[in-house]
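**Student:** Sequence:
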Amino acid sequence: MKRSFPLFANKIWIPIVFILIGVAIGSTFWGRHIASQEPVKVFTAVTPEPASESMKLPHSSETAESGDDYVDEWDAEAAESGDDYVDEWDVEHSEFLEVPDAPAEQPRGVDLEVYETSLSHLTAEQRARYDRVLNNYIARHYNKYPDSQNHEAVWEDADRLARWYVEEHKPYWEKYWAASDEVKKVTAEYNEFFDEYYLNRSAEERRQYHNNMSDAEKESLKVYLIDLRKRINIAWEKAEEVREGRPPMPTPRYTP
Numbered sequence: 000m001k002r003s004f005p006l007f008a009n010k011i012w013i014p015i016v017f018i019l020i021g022v023a024i025g026s027t028f029w030g031r032h033i034a035s036q037e038p039v040k041v042f043t044a045v046t047p048e049p050a051s052e053s054m055k056l057p058h059s060s061e062t063a064e065s066g067d068d069y070v071d072e073w074d075a076e077a078a079e080s081g082d083d084y085v086d087e088w089d090v091e092h093s094e095f096l097e098v099p100d101a102p103a104e105q106p107r108g109v110d111l112e113v114y115e116t117s118l119s120h121l122t123a124e125q126r127a128r129y130d131r132v133l134n135n136y137i138a139r140h141y142n143k144y145p146d147s148q149n150h151e152a153v154w155e156d157a158d159r160l161a162r163w164y165v166e167e168h169k170p171y172w173e174k175y176w177a178a179s180d181e182v183k184k185v186t187a188e189y190n191e192f193f194d195e196y197y198l199n200r201s202a203e204e205r206r207q208y209h210n211n212m213s214d215a216e217k218e219s220l221k222v223y224l225i226d227l228r229k230r231i232n233i234a235w236e237k238a239e240e241v242r243e244g245r246p247p248m249p250t251p252r253y254t255p
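If you're matching positions, the sequence shown starts at 0 in numbering that gives the first Met the number 0 and goes up one per residue.
Hints in this document: simulated from the structure, not taken from any laboratory. It is possible that part of the hints are untrue.
Said to hold, decoys possible - With a Cα cut of at most 27 Å, we get these calculated DSS-like pairs of lysine-lysine:
#1 Lys221 to Lys183
#2 Lys237 to Lys217
#3 Lys237 to Lys184
#4 Lys169 to Lys183
#5 Lys217 to Lys229
#6 Lys217 to Lys184
Unchecked claim - Per label pair, the in silico range of CB-to-CB distance:
#7 Glu191 to Tyr253: 37 to 45 Å
#8 Glu191 to Ala123: 21 to 29 Å
#9 Asn190 to Asp146: 53 to 61 Å
#10 Glu188 to Pro247: 32 to 40 Å
#11 Ser201 to Glu173: 41 to 49 Å
Quick caveat, the model's predicted, so the values are computed rather than measured. C-beta atoms are modelled at their ideal positions from N, C-alpha and C, and glycine is treated no differently.
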């Protein structure tokens, strides 16, 4: 005797499941979108003064070739305002810093062997990025405070920022985008299936499609949709977990 499935005898159960999943996705996305918004920031363009020729600054070609098209802005104003944004870096901004190839600024009054050992765990790519962030911070500092005399304190702040950027900030964003990609993947899967079943079929075609399904196919479809919703929720939760673990930018200890 053929087993009956009262739930599947109702022809509208599939659209209802789609609607419930759609509402769940929409509510989750909108709530987290609103929660993740930051206050609007207004930035005023500033034309920088030419940098001193004696400064050791990062070569603009290094930035372009490495794919690192941004560096961190970190100054007293940012620390006081709580602004931990990452400043966009482009050709216009870097023109005034163009100089021949320059090695990373060397610490003064620091044991170089100990210093190099403390960075030995970095890959060549990470070390190059560390050097760029270090040099850039020092360059920006002296461009803003040309009379600053405490080089040791400036260098220590630059070193802490560069280590944070390479060891915490960069890995965080790599994890965040990976989690975001998973959200996009499962959401796209849902959208594709919904379009194929619901949007690309008329009401009559959907009824016919449903009537032609066997009980086993209906059960399989139900299991798939329930699993899809679970995967969507898991992906969102993972992305939210990563987002909440964003490492705070270290506060500079020295300002003139």
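**Student:** So which of those numbered hints doesn't the model satisfy?
**Tutor:** Hints 2, 7, 8 contradicted; others consistent.
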